[in-house]
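These protein sequences, in sequence, are chains V and H.
Here the working numbering is used: the first residue of the first sequence is 1, the next is one more, and so on.
Here the working numbering is used: the first residue of the second sequence is 1, the next is one more, and so on.
Please note that a few of the clues may not be correct.
As the list claims (entries may be wrong) - To spell it out: a stretch of chain H is covered by chain V in this simulated footprint if at least three of its residues, at any positions, have a beta carbon under 8 Å from a beta carbon of chain V; those stretches are:
1) 64 to 74
2) 185 to 192
As the list claims (entries may be wrong) - Just some of the chain H residues that point at chain V, by a computed CB distance under 10 Å:
3) 15
4) 32
5) 34
6) 195
7) 198
8) 201
Unchecked claim - Computed spacing ranges between beta-carbons, pair by pair:
9) 135(H) x 28(V): 32 to 38 Å
10) 350(V) x 204(H): 44 to 50 Å
11) 278(V) x 27(H): 26 to 32 Å
12) 44(V) x 168(H): 40 to 46 Å
13) 44(V) x 196(H): 25 to 31 Å
14) 37(V) x 69(H): 26 to 32 Å
15) 207(V) x 258(H): 57 to 63 Å
16) 28(V) x 53(H): 44 to 50 Å
If you're looking for bench data, these hints aren't it; they were derived computationally from the structure.
Beta carbons are placed, not taken as given, at the ideal position from N, Cα and C, and that holds for glycine.
So you can see what is in the structure, the chains are spelled out below.
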Amino acid sequence: MGFRGVDFLGLDEELSSEERMVRDEVRRWVDDQVLPIIAHHFEAGTFPLHLVPQMAELNLLGANLDPKYGCAGLNNVAYGLIMQELERGDSGLRSFVSVQSSLVMWPIQEYGSEKQKQYWLPKMARGEAIGCFGLTEPDYGSNPAGLITRARKDGSSWVLNGTKMWITNGTIADVALVWAKDDEGVIRGFLVERGTPGFRQNKVTDKFSLRASDTGELVLEDVRIPEKNRLPEANGLKAALRCLTQARYGIAWGAIGAAMACYEVALEYAKNRVQFDRPIAGYQLVQQKLVYMLTEITKMQLLCLRLGRLKDRGKVNHVQVSMGKMNNVYHALQIARLARDILGANGIMYEYQVARHLCNLESVYTYEGTHDIHTLIIGEHITGLSAFT
Amino acid sequence: MKIAVCVKQVPNRDYTLSLTPDGQWVREEGLAWEINESDLYGIEAALQLRERWGGEVLAVAVGPERVTEALRKALAMGCDRAVLVSDPRIPRTSPYCVGRVLAAVLAPERPDLVITGIASEDLGFAQTAGVIAEWLGYESLPLVIGLEAPQPDRLHIRQELEGGVFDEVEVELPAVLMIQSGANQPRYASLKGIMAAKKKPLDVKRLEDLGLTPDDLRGTHSRLEWLGMEVPVQTVQVEFITGAPDEIAERLLEKLKKEARVL
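With these hints in hand, go ahead and build the complete structure from the sequences.
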């Protein structure tokens, strides 16, 4: 039986027929191609690379970017719905598309030269080149301004030195967008291609979360990058943070997908699991959990739909996106925990998905700006007082 | 090669059906709709033939306004244009009338090939293709599970018969094919396809536009009367068999054979 979605308020009516068709096609693809194999990849700790050509065929990569560079040119609500459906499959899969689309293709479209756009974007939309985004460093996560990777100008090229950590798609990437400080302390973005001398892509192993996602460490030792590989318009930390706003917007939607998957499993399980001679769904404590899940999913949907409509009108700001990411991932994680609880011992089995989502969401909760950092972003916005330091 | 595919919109299989109070139709409120499964295979077969020999694929349907969504999906998958005949005067539960109307859409188009699904999942008459073939004067072939087009005017058809037997026939076009689920792998609508579908022509017609009147759909032509629908009442019977193990086994075996007829 296919996934029907959770739509307590009849929000489908607020979507255009194209938006619904996009969602339904991706939903069917996830049912057919992702769910049957994803637990195996999670167990094995491998990214399902064979899905990349299929995602490219469906035009899922850079879906909301410019059609003149081979992208589908969807609006931001349709893009969000894609993220939702992918994360109903697995956060790792959604992370792959988030990074490819929002953290590499979007900055190339936004900050790149025309040559860079024409070279990379069609290739990345076709899945022939995979990208990763190197901002975080071993000692600089929530405080990216402190990053210590250096870019030294040397004639017509740049020499990069430093280490990037927790990089999604890190070892499978053909191109890394690396952020480094120049001699004046200005943060700039560079396209570093696989195989460039001095550039190493190491796999991060032994994770209990995002196991079906490729996580890497990027090591740069005297990596010489030609000036033409620098994103000409990417100057200053703000340029990098704007990329994160794109990705966080997709994460807010993605969290709905993981939450819906957990809710659906928990509801079905509770209706069928009999204890003390009746289904456990008939007990007040279980109903309370299920109602919390449904209520929060519905609020998450409202938040995302509003963010998406604002984004389509060019009116969304990064603080609003922070609220979406902060709220939705927090509640998705609570929902996954409650679902695991309702399922009892079965809750830890691959068969029921919820533990996989739960483990994944533990990462999503702190990546792309931790829950606490998003809280401080909103706190600063409403009080005018920064509480970061 | 000009190919027409007939598309029917049916209730999504993941939804539980309930009936209207008068028992004449399903309650449409809160129901989701989708393209009839075997019609998806028909669309895929048509698109593959167009990719091989060029030409165009026309998607046609009869039904209320909501059926435009099914046709948009067909366009998103790659069909070139679509026609919906939406007219409340068409008795949609009559395969004769639906076939007659579709034939009226197709007659001026003169397609080389018309493809339908093997049967609709909602009513299951499996007669529309035959009616269309009769009105157009085309050959009709049921139970198609595979097809190849060695030439643009000739098809090599594989049909699945009862008992695991297949036959193979060659047919000179024009023809009507009834295609079975499993004949190919229907493609997903790509996002670009969905965006492009918005701009493809989708004409909505009424009976007059086809030169038909309600009288053409009545009288001696259609002798089928729709009486209504019902949901079967589920009954559960439990019987405990007691006695010695040998006797229990013997009686259980007998019941499984004679009453449940599962052995």
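Going through the hints against the structure:
no.: 1; hint: 64 to 74; result: holds (count 3)
no.: 2; hint: 185 to 192; result: holds (count 5)
no.: 3; hint: 15; result: holds (7 Å)
no.: 4; hint: 32; result: holds (7 Å)
no.: 5; hint: 34; result: holds (9 Å)
no.: 6; hint: 195; result: holds (6 Å)
no.: 7; hint: 198; result: holds (6 Å)
no.: 8; hint: 201; result: violated (16 Å)
no.: 9; hint: 135(H) x 28(V): 32 to 38 Å; result: holds (35 Å)
no.: 10; hint: 350(V) x 204(H): 44 to 50 Å; result: holds (48 Å)
no.: 11; hint: 278(V) x 27(H): 26 to 32 Å; result: holds (29 Å)
no.: 12; hint: 44(V) x 168(H): 40 to 46 Å; result: holds (44 Å)
no.: 13; hint: 44(V) x 196(H): 25 to 31 Å; result: violated (38 Å)
no.: 14; hint: 37(V) x 69(H): 26 to 32 Å; result: holds (30 Å)
no.: 15; hint: 207(V) x 258(H): 57 to 63 Å; result: holds (59 Å)
no.: 16; hint: 28(V) x 53(H): 44 to 50 Å; result: violated (29 Å)
The structure is inconsistent with the numbered hints 8, 13 and 16, although it conforms to all the rest.
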